[in-house]
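Heads up: the protein sequence lines correspond to chains A and B, in order.
Counting from 1, position 131 in the first sequence corresponds to residue 131 in my numbering; the numbering is continuous, with no gaps.
Counting from 1, position 78 in the second sequence corresponds to residue 78 in my numbering; the numbering is continuous, with no gaps.
Since the hints were made in silico from the structure, they are not lab data.
One thing to keep in mind: the hints can contain errors.
Unchecked claim - Partial chain B-side listing against chain A, Cβ under 10 Å, derived:
1. V138
2. K160
3. A180
Unchecked claim - Here are the computed lysine-lysine pairs in the BS3-like style, where the Cα-Cα straight-line distance is at most 25 Å:
4. B:K143 x B:K160
5. A:K41 x B:K66
6. B:K66 x B:K128
7. B:K160 x A:K41
8. A:K169 x B:K66
Stated by the list, open to error - So, partial list: chain B residues that the calculated Cβ filter (under 8 Å) puts toward chain A:
9. A40
10. L65
11. V135
12. L150
13. E169
14. T172
15. G174
16. L177
Predicted model, so just to flag it, every value in this text is computed and none were measured.
Beta carbons: idealized from backbone N, C-alpha and C, even for Gly.
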Amino acid sequence: MNCLSENMLRAYHDGELIGAERGETEIHLSTCARCRQQLGKVSEMAARVQRRLSSLDTSDSGASLDPQVVLTRFQAQHGDHEERTPILVRLLAPRWRPVWAVGALGAILLVSLAFPLGRGLAQRILATLRVERVQPVRFDTSSLDENRPLQRMLSQLISDKVVVLTDEKSQKAATLPEASRLAGFQVRVPHGLTDAPQFTVEGQLALRTTIDRARLQEILDQSGRPDLLLPATIDGETVSFDVPRGVQVQYGECPKRVNQGEAQAGNSEQTFNCTFLLEVPSPIVDVPADLNLEQLAEIGLQLAGMSAVQARELCQTVDWKSTLVLLIPPSVRSYETVTVDGVQGTLMIPANRRGPRSVVIWVKGGIIYWLAGPGGSSDAIALANSLD
Amino acid sequence: MLQNVIEKAPTQKLKASQCNVAGKNSRHEHFEQVFLANYARVLSVLRRIVGDHARAEDLANEVFLKLYRQPMPSRAIDNVPGWLYRTATNLGIDALRSSARRYRYEEAAARAEIKASTAESALEQSLKLEQQERVRTVLADLKPVQAQLLLLRASGHSYKELAEMLDLEIGTVGTRLVRAEAAFEERYIELYGREEEL
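Generate coordinates for the entire structure from the input sequences, incorporating the hints supplied.
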C-alpha cells in the first residue's frame with residue numbers, strides 16, 4: 001500500500017473514516033513510520049488551530065432569546081414582503097438583462113458584482129457610468145445553463161452580497177401624461193397603431209454590492225476560465241446600481257410574460273399580436289474611480305466567449321463608461337446595427353417564431369428604448385422612427 | 001473545546017420543494033419551522049465569529065431575511081440548514097473583514113470595562129479578548145472559503161455536511177482543512193510571531 005494521502009490522514013484524525021477504510025488505514029499506520037510521523041504533524045496542527053478557534057467560544061449568556069419571540073418580531077417587521085415577486089427573479093427577467101450588462105464588467109462579473117452593501121453611505125464613489133450607446137456581443141449561455149455548481153456559487157454570492165436599497169412596486173397609469181408624470185420623464189409613443197396603449201410604470205430599483213475578489217475568482221475558475229485573473233485592487237470596492245423608474249407601453253393582446261418583459265409567447269399557439277415598448281432612463285452605475293474598467297471588460301468579454309485578441313480589440317474601440325453591453329443569447333437568430341430614431345441601434349431577429357418577429361434597442365437622450373413587435377425588421381424600424 | 005460546546009449541526013434536510021409548496025400558509029409554516037429549528041444555532045455561530053451579541057443578532061436576522069426573500073429558483077436550496085450556516089458564516093466573515101478596525105475599538109472598550117473587575121479575573125478576561133481579536137483578525141485575512149471551513153468544522157459539522165454546505169467534493173475536505181489550517185498558522189505567525197505553543 002502506498003503512503004496515505006494528506007486527505008486520508010486528516011480524515012482519520014477527525015474520525016471520518018469508517019469500516020474497511022479505517023481498518024486499512026490503521027494497518028498501514030502500524031507498519032509505516034513515515035505516515036505515523038505525518039499523522040502526528042497533521043494532528044498537532046489541527047489541535048493548535050482548534051485551540052485558537054476555541055478562544056472564540058462564548059458563554060452565550062445572551063443566547064437565551066426565545067426563538068418564538070424573535071420569530072414573531074421578525075414576522076412583524078418583514079411579513080409584508082411575502083407576496084412580492086422575488087427581487088432576483090425580477091432582476092433576471094429579460095427586461096433587466098441589459099442592465100446587467102451595463103458598463104464594462106461583463107455578464108457574470110456584473111451579476112456577481114451587481115449588488116449590495118455593507119459599509120454605510122460614505123463610500124468611495126467617484127465615478128459614474130451612464131449609458132449612451134449599445135454594443136451587441138454574442139453570448140452563449142448554454143455552458144452556464146448546465147453548470148450547476150456555478151449556478152449555486154452565483155446564487156450564494158448574490159444572496160450574500162446583494163443589498164436592495166430601493167425596490168418600488170410597479171403601477172398602472174391611465175394616460176400618457178400620467179405615465180410621464182409618474183416616471184419623471186417624457187414618455188414617447190409610436191404612431192400608426194390602432195390598439196389603445198396600456199401604460200405600466202416600473203418602480204425604481206437601487207442595489208449595492210461590495211466586491212469579494214476571492215469568491216469572484218472562484219466563480220471564474222468554476223466557469224472554466226481560471227486563466228482570467230481579477231485584479232487584486234477590486235477587492236472590497238463598492239459598486240452600486242440605480243435603475244430609475246421606467247415605463248412599459250403595450251398595444252394589442254400581450255401574453256402575460258410579455259407584461260414582465262419576456263419577449264416570447266410561451267406555449268401559446270396563437271399568433272403573436274403584441275407590440276411592447278420599454279423606456280427606461282439610463283441606469284446609473286457608481287464605481288470607484290480607479291477601477292480599471294477596460295481590464296474588467298476584457299475579462300467579461302472573454303467569459304462571454306471572445307478570444308483574448310478579439311476582446312482586446314473591442315475594448316480599444318469602446319468607451320466603457322457609457323456603453324451598454326447588449327448580450328445576444330443563442331435565442332436571437334441574427335442581429336445588426338441599424339439607424340433608428342436618429343441614432344445607432346441594434347435590430348435583433350429572435351429564433352422563436354411564436355414570439356415577436358423583431359426587437360430593436362437603442363439609446364437616445366439618456367433613455368434606453370426596447371421595442372418588440374409582430375412585424376418584420378422594416379416595420380420595427382418604421383415604428384421606432386415614429387416615436388413622438 | 002468548541003466542538004464539545006456546540007451541538008452537531010442539524011441533520012434534517014428540508015427539500016426546496018417543501019420551501020415552495022403552493023399556498024402561502026404552507027410556505028409560512030415551513031419558514032417558521034426552519035426558523036425555530038435553526039435560529040439559536042445560527043446566532044451561536046455568528047456570535048463566535050463577530051463576538052458582539054447585538055451584532056450577531058443583526059446578522060442572524062439578515063440570514064433569515066435572505067431566506068425569507070430567497071430570490072433564486074427553489075432548486076438552488078436543497079439543504080436549508082446547510083444554506084443557513086453557509087450564509088451565516090459568509091455574512092460573519094464579511095463583517096469581520098469590513099469592520100476589522102471597528103472591532104479594535106470595541107475590544108478596547110470591552111477592555112476598559114473589565115478594569116472594574118478583580119485584578120486576576122480582569123487579567124484573564126483581557127488575555128482572552130486579546131486572543132479573540134487575534135483569531136478574528138487572522139480569519140478575516142484568510143480566503144473566505146478557508147475561514148468558513150475552519151469555523152464550520154470547529155462548530156462540529158461533519159465532512160459530509162461541510163461538503164454539502166460549501167459545495168465541495170467530500171474527498172477533498174480533509175486536504176482543504178489541512179491547507180486552511182496551514183494558512184491560518186502562517187498568517188498568525190506573520191502577525192503575532194511564534195509565541196506560546198503555536
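ask   = Of the hints stated earlier, which fail here?
value = Numbers 5, 6, 13 - these are the hints that the structure violates, sorted from lowest upward.
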